[in-house]
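**Q** Top to bottom, those sequences are chains X, A and V.
Our numbering puts the first residue of the first sequence at 460, with every later residue one more than the last.
Our numbering puts the first residue of the second sequence at 31, with every later residue one more than the last.
Our numbering puts the first residue of the third sequence at 21, with every later residue one more than the last.
If you are wondering where the hints come from, they were derived from the structure by calculation, not from laboratory data.
Check the hints yourself; a few may be wrong.
With a straight-line cut-off of 30 Å between C-alpha atoms, the simulated BS3-like cross-links for lysine-lysine are [claimed, not checked]:
{"hint": "1", "chain 1": "V", "residue 1": "443", "chain 2": "V", "residue 2": "149"}
{"hint": "2", "chain 1": "X", "residue 1": "624", "chain 2": "A", "residue 2": "322"}
{"hint": "3", "chain 1": "V", "residue 1": "149", "chain 2": "A", "residue 2": "385"}
{"hint": "4", "chain 1": "A", "residue 1": "385", "chain 2": "V", "residue 2": "214"}
This one's a predicted model, so the numbers in the text were calculated from it and none came from an experiment.
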Amino acid sequence: MSEAAFFIDYSRCIGCEACVNACAECDTHRGTSMIHLETIDRRDSVQTAPQICMHCEDPICAQVCPADAIKKTPDGVVQSSLKPRCIGCSNCVLSCPFGVPKYMSGIDQMMKCDMCYDRSSVGKKPMCATVCPSGALTYTSMEEIQRTRQGIPVNSWKFGAEEVKTKVYVMVPREVTRVEIGLVQIHSTPSALPNDPYDVALMLEGME
Amino acid sequence: MQKRIFPTTGSDSAHAMTWGLIAATSLVIGIFVGSRGLRDFDPALVSYAGACVFSAFGLGYRYAMWLRRPPTRLYWYRGWHIFLDRKHFMRNVFHLGRIFWNNIVLQRFIERRSHKRWMAHWFLAWGCLLAGAVTFPLSFGWVRFETSVDNQQIYRAFMFGIPLGSFRLGTWIAELTFNILDVAAVMVLIGVFFALWRRGRDHGAMSVQQFSNDLTPLIMLFAICVTGLFLTVSTHLMHGLYYIFLSQLHAITVILTLLCLPFGKFFHIFQRPAQLGLDFYKRAGAEGPQAKCIRCGQEYGAALQIEDLKTVQAELQIRFQMTDGSHYQDVCPQCRRKNLALTQDALWRSTDMSKRGLL
Amino acid sequence: MAKLPVETPELVRVFGPTLHRVPGGGWTRTTEDEKLVKTHCCFCGQQCGIQLRVQDNKVVGFEPWEDFPFNRGKLCPKGVKRYMQDEHPDRLKHPLQRVEGVGFEAISWDFAMQRVVGEIQRIQAAYGKDAFAVLTGASLTNEKAYLMGKFARVALQTANIDYNGRLCMVSAGAASKKIFGMDRSANPWSDIPKAKVILAAGANIAECAPITTDYIWQARENGAKLIILDPRMTPIARNADLFIPVRPGGDIGVFNGMLHILIERGWIDRKFIDEHTTGFDQLAESVKKYTPEYSSKIAGVPSEMIVKAAELWGPAPTSFLMHARGIEHHTKGVDNCMAAINLVIATGRIGREGCGYAMITGQGNGQGGREQGQKCDQLPGSRDISNPEHRKYIAGVWGVTEESIPQKGLSAIPLVEAIHAGKIKGLISICFNPMISLPDANFVREALEKLEFFTCIDFFLSETARYADIVLAGSLMEEDEGTTTNVEGRVIRHRKAVTPPAEAREDWKIICEIAGRLGYAEKFNYVSPKEMFEELRVASKGGVSDYYGMTWERLDETNGLFWPCPELGHPGTPRLYENGKFGHPDGKAHFIPVEWRPSDEMPDEEYPVILTTGRVVSQFLSGTQTRRIGALVDQASQPFCEIHPRLAEKYGISDGDFVKVESRRGNVVVHAKVVKTIRPDTVFVPYHWPLDRSANNCTNRAIDPVSNIPEFKICAVRLSKVDQPTDAIAMLEVQAGGVR
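So here's chain X without its partners, still in its complex pose (with noise of 0.2 Å):
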């Protein structure tokens, strides 16, 4: 088996928070949580969706850093900010493309996930992707992930010209090979209802 590595499936999330829950209960995160849960809009859907870092391989939060305070380490983990360097200016959390890093206004410190370094770095699971009840955050091996998923594992992104690689891979249909990023509402998905997809007022129209 090869060795592990982290699947999100934005699609598969049901908004149980477990993942927020369990963030807070790793050892180097103590009480705190670093992942992001989205509620994408609530009166519209019930879509929600986790954010964790992606632990890019050149990291943009790293490059805009004044005070050189996020390092990588040498398996590919982007570091939260290194405590002695940090002076809080949020350059980081304004600049990372999928909006990961949290300033902590209490410290006056940016904070991330790290892939529960502490969990990950000793060949174990980090804790939101062993506890997540819809697999939507997944730490497994590649060809676990090839065998059990109708999708694919893709780790291309592009920001308007920005390419951006990261560790963690996300789940795309078979076809796609990179996830190129425009501004997308609800209203603009696609779906069989135009404009509202998710309304049952309008699922239940036709009847009398």
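Position chains A and V relative to chain X; hints supplied.
**A** Coordinates of chains A and V only, in the frame set by chain X:
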């Protein structure tokens, strides 16, 4: 495209080299002038002074390199610019004093992270600064003690050759002066023990710490303190036994540490004050106009910082311009996350619907 | 005297619920002297494996248990934070006595026992044995469930014992028994990913059985189609191939309508029907009139949805049906389930790999809790209390005469009604919080206040325990050991992690001591739960839920065994009904025709809107435990009313407004949550909260004639926008019933 993190071009190193030389030369001149043309210079401490000059070169070089990074440079200039703004200069000076007291003297920002960490750090930092305040002027020949010509019981202190005062042997001020380094050593040792205790016990800290970066500095400080304290022990309790050997050992530990200053963890001592400049930048940002996210319309940061980031990104060749003319930097972090999920979900929906003949 | 001794805010001040946020020993973790105890979550019926981290007899955290086959380390937020109920400041550590005007004061065990036993004897002498009732719960281990049944029948000799599974699994159980002849999910969960079509009816799987989500998503990865019936678009419904937003109470329209089309288009398994079933002709006759158009009117959805559902279900090679409280909490709950199960039998897709049926149990031991004889009509081994053979066998196990075993008693709702009517005067309850979980909460409160004596075994002072005369400090799941039977029918071991704090005692020791003081010491002289299991094995022998072949050692070795397991060498039975062999004496499945009928209370001009209730993912049932855990309360801090924008507009309600949801029985004032994901004729309020925030102030106590389950899922209400309440209850913390 791999590893784009700030290529070190020839011109960069030349520039930094220049600053390194300026720093080292300034120190040499400082030593020469401060010791009144080496008259006050203690030849026994020449190895320390030499190491300091070397260290000054390294620090100058490293600091200049650090400031060559576009984001650092930007903050550096912005910080000074805002600070020196004539309209608010007095207010800024007052504010600087306040944040200096809180962040540098009391180190409150560490206290907010963890009490234990703060205690350890406070003892370490002030132990080191205290020791530095004594030893650097001594080894540069800026400060000098001598017995009074007419009374062997009276010591006189000079700075830059100017008499500072005198004290009698056996008074508390004398004890304090002669043992100030022991006090500093004990403070540093307390800090080292706290830090090592935390690092050796806390599961979280253990998993992310690196030997070279986190433990070596503690070990070096420990070595300096212990060898230094042995000197005192040797003098007072063992009639000078092994004094020469011990003083050489102590010199080696100190010189090694001085040479390490520009590298690794110790460099943060020189980086940290940059945080003071950031404070002014943040205030200016908060008082100025705020940027609104082009996806959700909510304010998400200071327009000043967002625009500066675009400049920094351009210098770093990060290209967030979208094909429709908009700029990805104008999307707030939360919308970026939502957008990613919607994009991926839409990929599945399109595939699914095209399979079912709906698209 | 079961009235509050002082005002609610004072009780809340002393006993909580308060929020616990930091693990015992703090966040900084050292691994010194730590042990990991492999056990299971104390909450829902999935009974996920989890390892508790224990230091100095304190639970200080958890570690996923990835080797446990059911959940492989996965946990929902409740499982992640469950350990925060340990070392909790609200924990009851001594027996308590009600003191009028003061509250509760700590007393000695001896004094508490004297009071309890004295009152039992007084009430039974004055009003008859049945005047003292027992209410229990389905979160008790098998051992404790067995003990409570035996305690009621042998030590109290009261007929009136029932449990809160009455609010949970009884409709599904009754339907299964009628059609299959057995009451258990027919398949292990490992069959779900092998199904090519999955129908989940009235099951908010993402929030109420989160671990099942991965099984369903895995089926979809393997190409399965997913059909969801729910008045609300739940998180899994968002990805369904067909989401049918059925009207509450309209499910039979969908099921019978589907069957109508299956028969019409020949998508039924004639051979299977002929060989393994009875009653198909009457069934076929009964669904003739359920044309898509007719069904559509009942179900309240477009007829094309029903046709589409039949088209997905009918021709599939394998299929899996699952249902939960959404179709079960009705006065026709049993009928709803039977109509759904008919679809499984008619296609012959049961008892094989990837083909099956499951009911999703709600409570921790929802399955085992209903087998060991704590139901009013049942003896251990799922035996029938009115069957002389069954009575005789159990009398033999217990060493009592058959005549001494009381006959069938009252089920939970009639039991509370009998208290209200003054027929039952004394009550002992354990693992039950009727003040929140029963419908028509005001009626329940009135009933409790009429008791002459009420004693309650609890680990926190629940909203119900506040009414007790004597509160007996019992044990949390991790402070005792035993077994539970999970959603699949898998019997698993709960291991003891720590001992009960201070003077608190293991529940079973409390019950055994009361029994002993009542003069039955020799029948309750167990030294450990393991001994009770040994007796339970024998008591279940030859019954439907046969545990005889199981021992704790075998359970430890195998990570759980599925019943029936009749012999020591028997491997257990993960999949039921293989080769078309069903549980009835004739070995066949019995089709039962089902006719739709209206719910007890339909919306009318005065109360025009349907209220349906349910759960949120971060809270569990009545919230006695989960409303005390900071992270879980933060996630959903107070109840809300989900309302479609079209309906909201009618009442001038905007998102975040305070809205009063009012039925003929009571009201609840909560924030409006305006969402497009619910039917415009229905509003939804989750029920975990107490007092003025209890959805059950509104719900209807009408019950199903067969299962006696109350109709939680539909009642008629009216809505109005109101100002933020500022009374004393509203000012409490949100977890105690306040609003913010």
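**Q** Against the 30 Å threshold, does the CA-CA distance of residue 385 of chain A and residue 214 of chain V hold or violate the hint?
**A** Distance ~22 Å between residue 385 of chain A and residue 214 of chain V Cα, so the pair holds.
**Q** Hint check: residue 624 of chain X vs residue 322 of chain A, CA-CA at most 30 Å. Holds or violated?
**A** Answer holds: residue 624 of chain X to residue 322 of chain A is near 28 Å, not above 30 Å.
**Q** Taking only the CA atoms, is the gap from residue 149 of chain V to residue 385 of chain A under or equal to 30 Å?
**A** violated, 68 Å
**Q** Check whether the Cα positions of residue 443 of chain V and residue 149 of chain V lie no farther apart than 30 Å.
**A** holds, 11 Å
Against the hints set out earlier in the document, a violation occurs for number 3 only.
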